[in-house]
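Relying on the hints, combine the two individually framed chains into one complex.
What follows is each chain in one-letter form.
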Amino acid sequence: MTEEAILLGCLKNQPAAQQELYHRYSPKMLAVCYRFAKNREDAEDMLQEGFIRVFSQMHQFRGQGAFEGWMRRIIVHTCINILKKNKKFSESVDIIYANNIQVREDSVPSIIQAKQVVECIRMLPIGYRTVLNLFALEGYSHKEIANMLDIEESTSRSQYTRAKAMLQEILMKKSIILKPKRKKDEILTAVQYR
Amino acid sequence: MDRDFYTDDFEWLLKSKAEEIKMYPSESVWRNVFNKLHPGRRLSIISGSALLLLFVTSVLVLRTNNKNVSTQKAVIGETETFVSTNTTVKSDQAYTDINNVTDSKKNTSLSLSAANSNQKLFNNKLVSNKGKKAIDNFSYKGIFAKQPVSSAKPGNTLYSDLSSVSPSQASPESELSQFTLSDKNAAFNEVNLILLSGAEKKYIANSNASLIDAISSGPFLNTRAANKFSKFEWQLYFTPSLSYRALFNDNASYNLSFAYNSFISGNIDKTVNHTPALGFELGNAVAYSVNSWLKIKAGVQFNYSRYNIKAYSSYPELTTLRLSAGINQSQTLTVSSSYKTYGSYSNATTIASQNTAISLPVGVDLKLAGNNKLSWAIASSLQPTVILNNKAYIVTNDLKNYVRKPDVFRSFVVNSSFETYLRLEKGNGVALQLGPQLRYQISSSYTQKYAISEHLLEYGIKVGIIKRLSK
Numbered sequence: 001m002t003e004e005a006i007l008l009g010c011l012k013n014q015p016a017a018q019q020e021l022y023h024r025y026s027p028k029m030l031a032v033c034y035r036f037a038k039n040r041e042d043a044e045d046m047l048q049e050g051f052i053r054v055f056s057q058m059h060q061f062r063g064q065g066a067f068e069g070w071m072r073r074i075i076v077h078t079c080i081n082i083l084k085k086n087k088k089f090s091e092s093v094d095i096i097y098a099n100n101i102q103v104r105e106d107s108v109p110s111i112i113q114a115k116q117v118v119e120c121i122r123m124l125p126i127g128y129r130t131v132l133n134l135f136a137l138e139g140y141s142h143k144e145i146a147n148m149l150d151i152e153e154s155t156s157r158s159q160y161t162r163a164k165a166m167l168q169e170i171l172m173k174k175s176i177i178l179k180p181k182r183k184k185d186e187i188l189t190a191v192q193y194r
Numbered sequence: 195m196d197r198d199f200y201t202d203d204f205e206w207l208l209k210s211k212a213e214e215i216k217m218y219p220s221e222s223v224w225r226n227v228f229n230k231l232h233p234g235r236r237l238s239i240i241s242g243s244a245l246l247l248l249f250v251t252s253v254l255v256l257r258t259n260n261k262n263v264s265t266q267k268a269v270i271g272e273t274e275t276f277v278s279t280n281t282t283v284k285s286d287q288a289y290t291d292i293n294n295v296t297d298s299k300k301n302t303s304l305s306l307s308a309a310n311s312n313q314k315l316f317n318n319k320l321v322s323n324k325g326k327k328a329i330d331n332f333s334y335k336g337i338f339a340k341q342p343v344s345s346a347k348p349g350n351t352l353y354s355d356l357s358s359v360s361p362s363q364a365s366p367e368s369e370l371s372q373f374t375l376s377d378k379n380a381a382f383n384e385v386n387l388i389l390l391s392g393a394e395k396k397y398i399a400n401s402n403a404s405l406i407d408a409i410s411s412g413p414f415l416n417t418r419a420a421n422k423f424s425k426f427e428w429q430l431y432f433t434p435s436l437s438y439r440a441l442f443n444d445n446a447s448y449n450l451s452f453a454y455n456s457f458i459s460g461n462i463d464k465t466v467n468h469t470p471a472l473g474f475e476l477g478n479a480v481a482y483s484v485n486s487w488l489k490i491k492a493g494v495q496f497n498y499s500r501y502n503i504k505a506y507s508s509y510p511e512l513t514t515l516r517l518s519a520g521i522n523q524s525q526t527l528t529v530s531s532s533y534k535t536y537g538s539y540s541n542a543t544t545i546a547s548q549n550t551a552i553s554l555p556v557g558v559d560l561k562l563a564g565n566n567k568l569s570w571a572i573a574s575s576l577q578p579t580v581i582l583n584n585k586a587y588i589v590t591n592d593l594k595n596y597v598r599k600p601d602v603f604r605s606f607v608v609n610s611s612f613e614t615y616l617r618l619e620k621g622n623g624v625a626l627q628l629g630p631q632l633r634y635q636i637s638s639s640y641t642q643k644y645a646i647s648e649h650l651l652e653y654g655i656k657v658g659i660i661k662r663l664s665k
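Protein chains in written order, with the working numbering: chain A, 1 to 194; chain B, 195 to 665.
Please note that a few of the clues may not be correct.
In silico DSBU-like pairs for lysine-lysine, Cα to Cα no more than 35 Å straight-line [claimed, not checked]:
1) B/504 / B/594
2) A/12 / B/594
3) A/85 / B/209
4) B/594 / A/85
5) A/84 / B/216
6) A/12 / B/643
7) B/209 / A/173
8) A/173 / A/115
9) B/643 / A/84
10) A/28 / B/209
11) B/230 / A/143
The set of hints was computed from the structure by calculation and includes no laboratory data.
Isolated chain B (complex conformation) (with noise of 0.2 Å):
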């Protein structure tokens, strides 16, 4: 084709028109581009949220077991049921039925003893809050109940429906055992029964010394708690620990050809000068007891690792990374460096190589020896991690220098942990463990194409304090 315009001119006319053209980008791309170059401010919220996530869910159970405690210590069927020694429950449902007591019942002497004469079946201690005001309303004494219990058991059990308790099933040695319902709907409108303190006991013995006769003298049962715990079990734990690394170089012959001394060629340690740092852990987490032996459980965890590298500052100088695109073959990334691994007394500084992350560990527990107060146990997770803020420095192939290249580290790794702990029960469902633990980061730092790898070690001692759940 012939060219009919003078070369300059048309690309003169080319660049003149090209560039007139201004574009305006969305708004999506600072967003992104501002989130590239600030990791820190998105990831410190996403690290942020879950900590308060973890606070909230450590609060919330604990307020909900806290509630299921004392609600349990008012259910009949669930906690302290009072029940003569010899008692042969007659239903097992603690069910108390204000329907069928009818209004032809109100003055009815209800009997609260078993179908057997000897099996007194009380509810000692046990009055409604409103029954107390029942009590203190209507001067009469007894016991009610109103919410069906349908987790009672057997042999723990209120004697059920009031109605059908006959006059003659009264038990001539209790006082309790004859009341009169002048108001129904106050006695039974009951959500909730309590447990008498004593001051209540006494409040209740100034309305009618009868009662307490009744129930001081009553063949009742102790009052040890039944099973009301379930096989759930939450742990909130905090780890402070020194942080450490275990560095390796992969593939010595190829990437460390070119280190500056040969004398430390496949030798890391030797050229760089590390030191442990001060970290921590600080999760939450759910364990399942399988039996009385083996747990296993499912958490989320908060880590700071660090440690300490003694470098050189320097002038900034461009060095190069060198990863491996394949066989025989490598790309090299160029980076700026102000940090060498040698250097003069004067010019030795002391910087911080650490990370935040968020873990979501899953493991076992295995009970190896103790008692209901006092256990040894062993346990391990495998816990998979994502790397919220990475401030790490990462030594170069030729072993000189200490980058910052957050695109040769791993966002995501995978870590273990082993730990071996004592367990110590403080009652109600608490118990507090205190034991050793070492974390283990299986994968590497950085990118498998780096020659290098670096797997960061946690030595610590976890102290835990555990709730076990209520059913």
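Chain A with its partners taken away, still in its complex shape (with noise of 0.2 Å):
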């Protein structure tokens, strides 16, 4: 079944289309869900409402993009709606010092490739890794994530560059990437995979 032809049938509502639409793209959608939720539980209820609203608004993508683009930015957007409704959230995510905040080296977890990077995400505090979802992962500008997440774009910029100092802390502690030995702009990134 083409894309075409599975679109056409969401417009039409018709189920074996939805369902089509469903399989072929819920994996993915679930690790980016994943990434911003507390844990899988919490992913599959943002996956549930993302999808919902996916099918919902359907007749609102005109075919300019991909559509999984535009589908992932409705996830997207239902997941940061879904953590907003949380005041921890909106709280954490305004906090621009959040210099006391240790990383357990044995908290880790000793996992391989690229799940260990989005575990290390994960392991964020929720506003920082917020930010770094949306911009490192997802591609919203600084203005764009300052919209979304009601706060100033200064605040995002901030909250971007200690959450990806942190992150590199972490993926340092774990031997994930090695820290540099020589002059900061004659380096590249070094990565080792376990």
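So this is what it looks like as structure tokens:
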């Protein structure tokens, strides 16, 4: 079944097409949700809500750009909306300085490759993690992030900087990435996979 | 903290690694998504089950009731016990004690008369099924009863304990007063007694004319049924109706301030063009008679309501619904609409705003006038209602578009109904009722946050069949 046929079927509210679309994209989208969520159950709730929105707003997809990108934006917005309902999230995302957050080395999971990176991202405080997810992984600008999270653009920038630094620290502690030994403008990212 | 990596490379690392991850959601996620997208399928199963339940209940009630009626015809204390007019009943239990009939009494002539020689107690025409066989096999005539009838009442009871009836008590007038119990077991192994029909009477007549003479000539009571019904009655009803709605704008100054025509502000009815359409109601209820003029009742019913909207087709366009989100705050929902409230004649079309619902009406009936045959009553009920399948349209705040936005519709509302009816008793506990009914949806179809409220109205003619339940 081509993507076009699936989309047409979804526009006609055909269950078979909707199921096909769901099965095609849900694994990727759940991974997206998982990076934002506290745990897998929350991620599945986000996915569920996100797909309902995708299907109900399908008629708004104009075919400009990839469907996956359009759907991903809806899923991400759904995740953010769900996170924003949590008061702790609103507070945490607005804290600029979080220097006292310690990373416990033993809490870094012993998983390999991609999963290592994702799990390390998930170890970040939720405010940091959200900004990092949106900026580095989803490609939103700081202005867009500021709008989405109802924070200042400068806050988004500083959150991102600190999030990235903390993530690097975590990754280095677990030797997922190597700490550079030479001058910083000469080094390239060194990645060591286990 | 010094940055040790090129930003792009680090971000590339994160992105590339994150994109490699795939996670497979549990099955329940898709089920929930599907149920949300196709509520009709799930709800039609519910409504189908409800209708099936309604049907099965109806059949069971009718069957049970019919059984009771036929059984009661046979049970002595319940129905047609034939006692001579002067009878004083010795016992208040119509109980034929088979155990007291000893073998020695098998050939005893027993009298079925009361203690008073004038008081003959007959079980007119009452002969058991097997008793009939007994008559056939053993050529005797008699009255057989096996089961104790606890509900028998004084004055309406078969003389109890055959064994205690001495021959001296026998009525000289009755040939029934003497008979031979040549086969006790055959005679008493009976569960039900039946009321003999004419044919059966004839059958016995052929067997023994004297018995029939006795039955026919005996000074029996007439066959008027005693009080055999309980205070409960069951009702099945159907109400074809004209469905319509009442629209109100709760905060006209706030929400309709940007209505596209100033002259229509404050009066939605001048902008929208709606017409009533046919709907119906089907349900059943059980009523309890508190006294002769007051009944309380409860039941379950299925409703289908709809009204027509004259709208104008247009290309899909985005429009907004504005919801109140607290004092001086609002929330907007962006939705797509293909129907406008205005347009050219060529684009005019009619769309139906409809829903199906299950209600649990609880109410009272008040008898105002009438007799045992015909009566006039009024009734009212409150009906907690679950909306099963909502295919309704909502007009946007600016009154320009119609949209379908189930999120704005309530799934639980409260209805009320008012009716007046004539009730005609058809005998045997069956009655018919007919009368007008007004059903009004007390709560708005839309959530409280929406400035416009819609209350559905249904004007119908309710037709019902009522069956009084047996004791």
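These are the hints, each one checked on the structure:
1. B/504 / B/594: It holds: about 13 Å lies between the C-alpha atoms, which stays within 35 Å.
2. A/12 / B/594: 25 Å, holds
3. A/85 / B/209: 27 Å, holds
4. B/594 / A/85: 32 Å, holds
5. A/84 / B/216: 25 Å, holds
6. A/12 / B/643: 30 Å, holds
7. B/209 / A/173: At roughly 20 Å apart (the allowed maximum being 35 Å), residue 173 of chain A and residue 209 of chain B satisfy the hint.
8. A/173 / A/115: 16 Å, holds
9. B/643 / A/84: Distance of about 21 Å is within 35 Å: holds.
10. A/28 / B/209: Satisfied, since the Cα-Cα distance of roughly 13 Å is no more than 35 Å.
11. B/230 / A/143: 34 Å, holds
In summary, the structure agrees with every hint in the numbered list given earlier.
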